[in-house]
Amino acid sequence: MMKAFEVVSHPIDTQVYADYVLRPEAGAVTVFTGHVREWTNGVRTLYLAYEAYVPMAEKKLAEIGQEIEEKWPGTRAAIAHRIGELQIGDIAVVIAVSSPHRRDAYEANEYAIERIKEMVPIWKKEIWEDGEEWIGGQKKKPEGART
Amino acid sequence: MIRIFYFAGLRELTGTAEETAEFTGKTVADLMQWAESKYPGIDNGAVRVAINEEYALPDDVLGEGDTAAFIPPVSGG
Chain A
1413 MMKAFEVVSH PIDTQVYADY VLRPEAGAVT VFTGHVREWT NGVRTLYLAY EAYVPMAEKK
1473 LAEIGQEIEE KWPGTRAAIA HRIGELQIGD IAVVIAVSSP HRRDAYEANE YAIERIKEMV
1533 PIWKKEIWED GEEWIGGQKK KPEGART
Chain B
499 MIRIFYFAGL RELTGTAEET AEFTGKTVAD LMQWAESKYP GIDNGAVRVA INEEYALPDD
559 VLGEGDTAAF IPPVSGG
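As given, the protein sequences belong to chains A and B, one line each in that order. Per this note's numbering, the first sequence runs over residues 1413 to 1559. Per this note's numbering, the second sequence runs over residues 499 to 575.
Please keep in mind that the hints were generated in silico from the structure rather than gathered at the bench. Beta carbons are placed, not taken as given, at the ideal position from N, Cα and C, and that holds for glycine. Keep in mind that a hint or two might mislead.
Said to hold, decoys possible - DEER-style ranges, computed between Cβ atoms:
(1) B/Thr514 - A/Ala1461: 16 to 24 Å
(2) B/Lys524 - A/Gly1439: 20 to 28 Å
(3) A/His1447 - B/Asp541: 29 to 37 Å
(4) A/Glu1450 - B/Gly523: 46 to 54 Å
(5) A/Gly1543 - B/Gly539: 17 to 25 Å
(6) B/Leu555 - A/Gly1501: 39 to 47 Å
(7) B/Val559 - A/Ala1474: 34 to 42 Å
(8) B/Asp541 - A/Gln1478: 37 to 45 Å
(9) A/Val1428 - B/Pro556: 34 to 42 Å
(10) B/Pro556 - A/Asp1425: 53 to 61 Å
(11) A/Gly1543 - B/Ala544: 36 to 44 Å
(12) A/Val1428 - B/Glu516: 27 to 35 Å
Claimed, not checked - Stretch-level coverage of chain B by chain A, calculated; a stretch enters the list once three of its residues show a Cβ under 8 Å from a Cβ in chain A:
(13) 499 to 507
(14) 564 to 571
So that you can see chain B by itself, here it is in the shape it has in the complex (with noise of 0.2 Å):
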């Protein structure tokens, strides 16, 4: 299992902040695929995935216990 993070607009699309689902050696772009089914308009180009607090690249692979997360695009400072 993985942990999955939604964040700022992201979290009002899908509206849950946090879930978990088998991703268990399975790639970004899997998730991101599957994100997109569960979500229509999550995958809209800006979107980035954080594995364990980095950002990733669509091949990279996930891990027992990892954690994802859903980034839009960012608006600090």
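The following block holds chain A by itself, in its conformation from the complex (with noise of 0.2 Å):
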């Protein structure tokens, strides 16, 4: 069984979530996904190794999910992240948002994964060819490489 706010292992199913915010009242869902990419400023990612502090990232994600209820009354949010090893082209997060009119579901959808990026636990590490690097930590990435 999914939970509305949820760290996974495994694929994720976009539809599982996109379905769980769909009530009567809604007349727009907002699915956002973001996926892993190849190439970032001229350096090719092999895959990524996605890690996370499960219990409080959930938490945070739900934090993030109340927010969204107080900001835009009448939304109802599901966010999933997948953790472990990511190939280029799957779903690193998947975001759902429906709302009455589609404006709220849209501003609400940006607003949670803006809010991920600054205070969920999870991290990234990018794998390349000639090196990794844990995404946010302390070492350097090579010369021109940032994000």
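Put the complex together from the two separate chains, hints included.
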């Protein structure tokens, strides 16, 4: 059974989250998916490894859901983030938001991804042909490779 | 005793994902100072500490059985 705010270690089925937020009073559902990108500023990523402090991450995702419902009354959200090894094109994160009218669903959805990047304890390591690095961490990327 | 978790680059820096230490009654700032002396470089100004899965402040006091986590800058999404 899925949770509305969860960290998973299997491929994400976006429909599950879209279905979860859909209600009779919702006239709009936005579904954002974040994917593993191959090229970042000229550096080729082979794959990514995501790690999370799972219980805290799920708690923080749920907090984002509460923030959204307070800021945009009448919305409902569901968020899942995948951890483990992800290949190019894989879905790393899905955010589904429903609202009576489309504007709130778009705005709340973008808010959610910004908040995830600020404060949810999840980390990604980029693995390249010639090295690897935890993003956001202490080591430096190759010259000019900063995102 | 408290449990201490290290994640991502900090797990690689410390060489451990988890350990226990005697920090009951001491502060988050004390914990950070101890970690820095044990694992030089961990206190780089960007690392946050969470106590029992909530971000903590330097003056927050640790209790018996608490869980502390060193949280490097996050990069989810």
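Here's how the hints hold up against the structure:
In this structure the hint that B/Thr514 and A/Ala1461 lie 16 to 24 Å apart at CB holds, the actual value being about 18 Å. Remark: the range hint 20 to 28 Å for B/Lys524 to A/Gly1439 is contradicted by a beta-carbon distance near 54 Å. One distance hint, 29 to 37 Å for the beta-carbon pair A/His1447 and B/Asp541, holds here, with the actual separation near 35 Å. One distance hint, 46 to 54 Å for the beta-carbon pair A/Glu1450 and B/Gly523, holds here, with the actual separation near 50 Å.
Separated by about 19 Å at the C-beta atoms, A/Gly1543 and B/Gly539 satisfy the suggested range of 17 to 25 Å. Separated by about 41 Å at the C-beta atoms, B/Leu555 and A/Gly1501 satisfy the suggested range of 39 to 47 Å. Range check, B/Val559 to A/Ala1474: Cβ separation about 26 Å, and the 34 to 42 Å hint is violated. Evaluation of the 37 to 45 Å hint for B/Asp541 and A/Gln1478 yields a failure: the beta carbon distance comes to about 32 Å.
The supplied range of 34 to 42 Å is met by A/Val1428 and B/Pro556, whose beta-carbon atoms lie about 41 Å from each other. Distance hint for B/Pro556 and A/Asp1425: a CB-CB separation of about 42 Å, inconsistent with the stated range 53 to 61 Å. A beta carbon spacing of about 21 Å between A/Gly1543 and B/Ala544 contradicts the range 36 to 44 Å that was offered as a hint. Taking the beta carbon of each, A/Val1428 and B/Glu516 are about 32 Å apart, inside 27 to 35 Å as hinted.
Counting residues of the region 499 to 507 of chain B whose beta-carbon sits less than 8 Å from any beta-carbon of chain A gives 4, enough to reach three: the coverage restraint holds. Counting residues of the region 564 to 571 of chain B whose CB lies closer than 8 Å to any CB of chain A gives 4, so the stated coverage by that chain holds, three being the minimum.
The structure is inconsistent with the numbered hints 2, 7, 8, 10 and 11, although it conforms to all the rest.
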